[in-house]
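Peer 1: Put the complex together from the two separate chains, hints included.
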Amino acid sequence: MLLCILPVEGVQEVDLYEMERFVEKTLPFRTRREVAMLLPPGAHDPKRDQYDGTVILRAALELCPADASRLLVVMEQDLFIPMLTFIFGQAQLDGTAAVVSLNRLRPESYGLPPRRDLFVERYLKEILHELGHTFGLTHCPDPRCVMSLSVNIINIDQKRAQFCGNCTVRLADKLNTLRRESGVTEE
Amino acid sequence: MNSPWKILVVDDEIAMRESLAAWLQEDGYGVDTAASGREAVEMARETAYDIYFIDLKMPPGINGIETMLEIRKRQTDATVVIVTAYAAVDTAITAIKEGAQEYMVKPCSPEEISIFVQRVIKMKSLQRENVYLRQKLAKQYSFWDIISKNSQMHAIFDLIREVADQRSTVLIQGESGTGKELVARAIHKASDRAARPFVGVSCAALAETLLESEIFGHERGSFTGAIARKLGKFEIAAGGTIFLDEIGDISPKLQMDLLRVLQERKFFRIGGTKEIRMEARVIAATNRNLQEAVETGSFRDDLYYRLNVINIKIPALRERKQDIPLLADHFIGRLAIETNKPVCGISKDALKLLLDHGWPGNVRELENTLERAIVTAHGEVLQVADFDFLERNRHTNAHWDIPAGISLSEIEKHAIEAVLEQTGGNIMESSKILGVDRSTLYTKIKKYDIPR
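Protein sequence lines correspond, in order, to chains A and B. In terms of the working numbering, the first sequence has 184 at position 84, counting the first letter as 1, and numbering is strictly consecutive. In terms of the working numbering, the second sequence has 95 at position 100, counting the first letter as 1, and numbering is strictly consecutive.
So here's chain B without its partners, still in its complex pose (with noise of 0.2 Å):
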């Protein structure tokens, strides 16, 4: 019988057994049987069963309850019956207490078993309904990874489609966490370079004189420590794409090196002769403001042109709040296996507290504050008691004593000094808490000079 629902019945006595799994048969369910605990074990590993009926004695081995605690560590939500022929409140409490839904006396009447069935069938349902709904859901809204409802997004999801062919180069604009890094893989993936490299760049996290190596490469002793011949990026990605994040922080040196690239679209690696062509496509990524720093003369007003060929300009997620559900349910799947956790959803109240806020870090911000309540959360929906350190977070910033007249840029500055003193330095961890990425992070401690 190809039911899509799987009984198992374990008993030791198989007349028990045998005519429970008949009976239910009839109803059109796919049933097996175990004769002890030890075989429903072996079993439910091979086939997750929607519902076990396992009888609460069974000599010799473990018990009904054990069964069904040995059964729950790998399907947490497993339906299990205890079902017994000798009543008795305490085992009752037990077989309800350690997480069945239902204790049978046996024999039961038809209309009991089969109204509890129907039940558990109609409500199992409704949840292979509901999570294929999601799916359709999150499919109708998710362009390669890019989660969203929101107008501007879609614009930027068309503009994707539309230059993902050419061989322009890309500028993507947007405050720390909202995804540049998505959008430029997204543009590599609808394109028709998906199947050469995507390779990526933090301008920001590297040295002036690592930097240039680590995009042009460089040749056997062409300076100190270069031991042997090094790939730069530009020759990796071939005929892929180049991404180089965080562009407004390059030195005006590189900015030259980078405009004669692309002018040109040939370079040579450090201390080589030999001219290489230049195949990838360059899209470039900054939380700066580009045109700002051109007028500043901070950054060259020919390389911006050169790379603002195309302008992609994402939304913070302040200006697209009904994405917030909907990364919601996204991260909280994704992050509920990685962390290994039951958390299958977020009540409405702790909903309104995610709408509620500002998101300084954006999605990234989301993400990881999604990832301490699931870390830290009980319950299988998060609860706003699982956000207590966003409140606590917003209490203390709320109540901050700022001196007059202080600069914006001093605000930042004693903020990183002081989550860096909080995490004891660990980069990682106040990128997080900062709700940057750590090349941002680095870019700022060197801006301010910050000592760790």
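With the rest of the complex left out, here is chain A (with noise of 0.2 Å):
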């Protein structure tokens, strides 16, 4: 199964390839990079000085390669959606894309030294947790599992970039039936 990852222009090669061997490790898809997205034009809220998540995921999907399973955005970019003031990634529960910002997620952000550790740490949770929304999994109540949810950068940090066993378990079988409908067979 394929895992599309779309950058935005500005996100690091070397996070990107972080991401790509993290995925690989962790979940049973291959991964292939597209070419970098142009943010679509209604994307960008200039009050707000904000990218519209939903906004994004829309454009994405048009540009989504018809072998993938999944399309994950990664970008540099703010995000919010109206009626919140941001959010840290957005995803289509039991659908296909999900989209992460890196903006909120570096010490910096919050008038700390950096440390980039911390700041791959912060983002591989971040793209298990909206792709794990693409599994149709919904927030877990267990603040250590990724699928917790996240309303500040504190959240993130309880938190381990693994699913808990429940989640495992409703993610083996969202992924077996996934591997049944795209006719693959081997593990």
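Hints are computed from structural coordinates only; laboratory data are not their basis. A quick note: this is a predicted structure, and the numbers were derived from the prediction, not measured. Misleading hints may appear alongside valid ones.
Unchecked claim - Computed footprint of chain A on chain B, listed as stretches where at least three residues anywhere in the stretch have a Cβ under 8 Å from a Cβ of chain A: (1) 20 to 34; (2) 103 to 114; (3) 402 to 408.
The beta carbon of each residue, even a glycine, is placed where N, CA and C say it ideally should be.
Peer 2: Here it is, written out as structure tokens:
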């Protein structure tokens, strides 16, 4: 099964490489990097100077390759949805596409000295979380599970970059169904 | 998504409602959206949502607060969040005053919405759990509609189970309002006769000849006015149960007729020649002391022994005060629905007031008292003030000037006369105030020869 990573211009090569390695290690997916996408004009809200996650997801779906099982958009710019001041990421629940913003994940955003390991750990958790939504997983009450809701950076730091027992079982069921549907037989 | 919690997002802006709905769906809630107030009201008719996020300004049609008020007409406990892009103190005050739980200015912080939703869901979970536990508790203490955790009552439940399938006559004794008919119905429902009729006759409400015809039936032309054949209650009850209430008040002639039926298990319709077999089981009840009546000669001893094969004596409510909170809960739950009032509980102080009351009219008086309090209550929880009338009655009673040497019967007569005068002769209302059933009141009016 194939996961396509669709970067928005500005995301560092080194981070994209980390993400690919992590996804291939954690999920039964191979990854392919797509040509960087241009942000659709309607996505930017000049008053908030933020980008609307819903508009970006809609535009990304139009670019989704036919052979992709899942599509992950990664961007540096800050994301929002009209009702909320910001979001770390957004996904289609039990759908194809997800988007993650790296904007609020660096310690520098909170007035702290830079720490690359922490930054990497945070975005890996976030992409696993949003991809989890595309497999139909909803927020998990276990605060250490990667599927627990994060409304601030502390929540992200509290959880681990892995699924809890319950979410692992639900994810395995979903992946089995996907494998059957796509005719993939190998593990 | 099969979530037990349902949220409705109401906003005329598609981007707003769709994005919030998607965000809430990630939490696992069942989320629907409506593009207008009218659509939201329609949807709320179909589904009682747990939380409503309603945008304040939605042209054209009804605005957010009007939408909330419409929804609340059907779902009085609906949790509503009024959302607005233009924060203003006056609209915030109006929203909260009209019953919104929260007023949010968009864009909101994810934390704010998340904490609010979690708080509401936690509260609603506790409410659901509370309802479930109450039902479980009520079931545990309930036996065919009789609610009690009193050991004497539980011994009665055991006895009912034991004797339900037998044909023996049962005599139920207890003060007015203790639930003699409920016990009789419980015996019937627990028996193998449950599918057959349960027929009740109030012996005190009817004149002797009428009662005779009620019980045994009559043939056409057997007396003036008997224009057609009429089946008596014994025949109607067939293989079921006949409940003879206020048996202590029947005439000596009827006592003899009844004795004959119980002995021979057959009878004739009035004016009839055909013998009819009596298949029904007889349960009799009285609030009088029949033993005493036998000793004074006003009740036949042989009939008393025939009736008293199985004896059930129901304790007065003052002897089982631990049942008052259970009964209060049960009646509030039922009466709130019947009277369409949003009352869901009773305060500790008000409950203490009920526990301290003497309840001469027993469970029926408790039920009537709660009904009166619910009808006039303003809040969701009954308060001491809602039972002012009970206090007033007690106060009046406490200062009653009773002349020395007056008999109990005279006091009773005066009390009945006073209430009848107060209610303009309305029997239903008077019986409620006096805490006795209508048939008992009729008997007493007849006994004391009170003009109406």
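Peer 1: Are the hints correct? Go through all of them and say.
Peer 2: Cross-check of the supplied hints:
With 4 residues having a Cβ less than 8 Å from any Cβ of chain A, the region 20 to 34 of chain B passes the three-residue criterion, so the hint holds. Given as covered by chain A, the region 103 to 114 of chain B passes the check, having 6 residues with a CB less than 8 Å from a CB of that chain where 3 are the minimum. By the rule of at least three residues with a Cβ nearer than 8 Å to a Cβ of chain A, the coverage given for the region 402 to 408 of chain B is violated, with 0 such residues.
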